[in-house]
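**Student:** One letter stands for each residue in the lines below.
Protein chains: 2
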Amino acid sequence: MNKKEVLKLKEEAQNHLVNELLPFWESRMIDEKNGGYITHFDKDGKDTGEDEKSLIAQTRCLYTASSVHRAGYGDGRFAGMAKHGADFLIGKMWDNENEGFYWMMDRKGNVKIDRKIIYGHSFAIYALSEYTLSTGDPRGIEYAQKVFDLIQKYCTDTMYGGYWEMFHRDWTLCGPGSQGGDRKTLDVHMHLMEAFTTLYECTGRDVHHRKLLEVIDLLLYRIIHPKYKTGIPQFFKNWEIAPQIKFETIWGWDRFSAEGQKANLTDNTCYGHNAEFAWLLIHALDILKTNPDVYADVFRTIFDHTVNNGIDYEYGGVFVEGSHAGGVYDMEKEFWQQAEVLTALLDAYIMFRDPVYWEAYQNVHRFVMDKVVNKAVGEWYPLLTRKGEPIWTHMGHSWKINYHTVRSMIQSIQRLDKILQSM
Amino acid sequence: MNKKEVLKLKEEAQNHLVNELLPFWESRMIDEKNGGYITHFDKDGKDTGEDEKSLIAQTRCLYTASSVHRAGYGDGRFAGMAKHGADFLIGKMWDNENEGFYWMMDRKGNVKIDRKIIYGHSFAIYALSEYTLSTGDPRGIEYAQKVFDLIQKYCTDTMYGGYWEMFHRDWTLCGPGSQGGDRKTLDVHMHLMEAFTTLYECTGRDVHHRKLLEVIDLLLYRIIHPKYKTGIPQFFKNWEIAPQIKFETIWGWDRFSAEGQKANLTDNTCYGHNAEFAWLLIHALDILKTNPDVYADVFRTIFDHTVNNGIDYEYGGVFVEGSHAGGVYDMEKEFWQQAEVLTALLDAYIMFRDPVYWEAYQNVHRFVMDKVVNKAVGEWYPLLTRKGEPIWTHMGHSWKINYHTVRSMIQSIQRLDKILQSM
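Protein chains in written order, with this note's numbering: chain P, 1 to 423; chain Y, 1 to 423.
The shape of chain P in the complex, shown without the other chains (with noise of 0.2 angstroms):
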């Protein structure tokens, strides 16, 4: 590798980002009728009139407008589109009664779907910490916290540790099976880690601190494979391992087979999440001002088990899912699972300078250019063949906005910068 060629990589990250990414979401996400985010396109990027506003995609929405501008982008155009998303969180999606964001609204802001979810309350904290570190407006950081206080008095599980995640309206806890009040996810914990750390950048209070560093240990000693350092997907409380089972609450498209089972039910792992738990930690660490280096071996571990079974030497790209112990399952692409595994590549890179993972970095970044971006309109394709051919075409939904692919552009300019400055 040599200077030219990281550069080249960049400006093609850069003109992705800045000539496509943002203004596709710059002039279409604002729902200038309702308040809010409008979250529904198609392949080619016209609104589909779906009449949702969920609580990820504003939260995520909201994350993106308030990070494009905290990272220097916009000339203050997504302050604005950021002030526009929180006053609809805010001032609709909140329940007054039992506090909490509803999980479904329709975009004039009524409830269709009124559980507490806490994968979206891990957004609703990331995105209102990061809104008031980007504009300092503190409402963001006030309902980051009252969601905080909400998480600790009404999800910890105080006997064997960690949060439960599922809950109705009021705060009891859903029942056990496809409602999953009985059961405990890495997706969530992993999202409560990223939350936590923003909202510890933000106030620098040691409660959230604690329970950072806390989040931290559940996912390094109860849920990454105490040998393979990969993801496990779902827990009973006690931290036995569960059978993937599909959820009624859903915030993806994971594929099941019809009867909501996967085939290998409890030995799955999937490498976006992989990647992403990775960089997310050393993010956290970064934060937490500690050195990566104390786990540098279980980085190191999670990082070969990506390039050495996630990684398409043939057709490009990342893979969807294998076992823990190497093999793949599920071969098609996955749009979220390659910008997370750029993030971390370079991550990986800038901590190992390991050759393999530079290798593995370009791979991934030729195939998101030149197959995953829908050239027409800018934003990625959610699900392609292992060829790289589209399956699923629609640019936004409730489960598939911009935080992974913005954040990925983001992200990866910075890291690419620091490579440059240290060649």
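To be clear, the hints were calculated from the coordinates, so they are not data collected in a lab. No experiment lies behind these values; they were computed from the predicted model shown. Warning: the hint list may mix true and false statements.
Copies of the same chain look alike in the list, so a pair counts if it works inside one copy or between any two.
Quick list of in silico lysine-lysine cross-link-like pairs, DSBU-like style, CA-CA up to 30 angstroms [to be verified]:
| no. | residue 1 | residue 2 |
| --- | --- | --- |
| 1 | Lys-153 | Lys-92 |
| 2 | Lys-83 | Lys-153 |
| 3 | Lys-153 | Lys-289 |
| 4 | Lys-375 | Lys-8 |
| 5 | Lys-92 | Lys-246 |
| 6 | Lys-237 | Lys-227 |
| 7 | Lys-146 | Lys-237 |
| 8 | Lys-146 | Lys-387 |
| 9 | Lys-387 | Lys-46 |
| 10 | Lys-146 | Lys-92 |
| 11 | Lys-153 | Lys-237 |
| 12 | Lys-237 | Lys-10 |
| 13 | Lys-10 | Lys-387 |
With chain P fixed as given, assemble chain Y onto it according to the hints.
**Tutor:** This is chain Y only, laid out in the frame that chain P set:
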């Protein structure tokens, strides 16, 4: 045993309660000048003038006054005494800036020790809930719930489960060792069970129900000895048994050596705590509408350990502490252990109808009435020799008040009534 014998014991308890204990406190505890309760009395029942109002003595007096009224004693006068204490507790001891209650005030209500100690906060929840149950004043349960919420926010260990116990004024965790910030104790978790029981009795709320079930599980599966079911006093955060040390902030006079350590660092169990745990759990199960027989083995084991090791069949009364496997280390007699064992042995008899428990009850009852009660004034000596000669003689202090003595009489009378009805 016959009915006449039971009746005689009940009448003796009733007489002691109504004609000795309650008049002692009614005539002395109200601080007309500064509000709140006066809690320091010498062996003659004379105010010592010590310029202290401790969180535990104030909350325990509030509990006592409230529970006396709820149990039907005092013709309404104790409701007024309870309100008098609630006014001081809420008005003077609450930290308006950081929330929570201060640990130690002077009589006027100036802060002397500003730490946030969870032992004291468990009694705040217990007393304030009992106060609302007894008088209907909604301020009690409002503040009980505020304290519950603070404990959930600041004190849970989301990695290993359980609660942290010692905090600074701003709810930052205290340091390790003698500051207690790295320890978890039987004492605090048992009193949280007691507190959450009365909190849930008052509110019927789901979250109070869940946290009560969780703390019961913590006690059953982390804190009591797996084989002997006896209480283990101190743990590190991961529930590894910690050598029993003396903390900087204390709430009693546990006898440590000059070095602040017990002779039997990791093999100490206290008969009073074991018996108290058993009857408080039976009471919690009653409030939870759960049949206590599900834990019959646990109760039988604890009660048998108590009667086989803790009862002094030669001189009467309950010893201080000994080994989990059996055998006594400390043969002195502490007042509170007598009180808790009285209630527990009646529960044991009601549950198993084993005459061994009835005999042990009679033994302790006799020892209390003949030796522990300071006949001249009507309260109990705090500490006596094995043979029953007073060692310490104060009647009231920040760590020695009416909670154990009055409660044991109210609870014993109710249980003796139950036994009488079944005869």
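**Student:** Each of the hints needs a verdict: does it hold here or not?
**Tutor:** Hints, verified against the model:
no.: 1; hint: Lys-153 - Lys-92; verdict: both (23 angstroms within a copy, 26 angstroms between copies)
no.: 2; hint: Lys-83 - Lys-153; verdict: both (28 angstroms within a copy, 29 angstroms between copies)
no.: 3; hint: Lys-153 - Lys-289; verdict: both (28 angstroms within a copy, 24 angstroms between copies)
no.: 4; hint: Lys-375 - Lys-8; verdict: within (19 angstroms within a copy, 93 angstroms between copies)
no.: 5; hint: Lys-92 - Lys-246; verdict: within (29 angstroms within a copy, 52 angstroms between copies)
no.: 6; hint: Lys-237 - Lys-227; verdict: both (21 angstroms within a copy, 24 angstroms between copies)
no.: 7; hint: Lys-146 - Lys-237; verdict: both (25 angstroms within a copy, 27 angstroms between copies)
no.: 8; hint: Lys-146 - Lys-387; verdict: neither (46 angstroms within a copy, 57 angstroms between copies)
no.: 9; hint: Lys-387 - Lys-46; verdict: within (26 angstroms within a copy, 90 angstroms between copies)
no.: 10; hint: Lys-146 - Lys-92; verdict: both (16 angstroms within a copy, 26 angstroms between copies)
no.: 11; hint: Lys-153 - Lys-237; verdict: both (17 angstroms within a copy, 20 angstroms between copies)
no.: 12; hint: Lys-237 - Lys-10; verdict: neither (44 angstroms within a copy, 46 angstroms between copies)
no.: 13; hint: Lys-10 - Lys-387; verdict: within (25 angstroms within a copy, 85 angstroms between copies)
Of the numbered hints stated above, those contradicted by the structure are hints 8 and 12, listed in ascending order.
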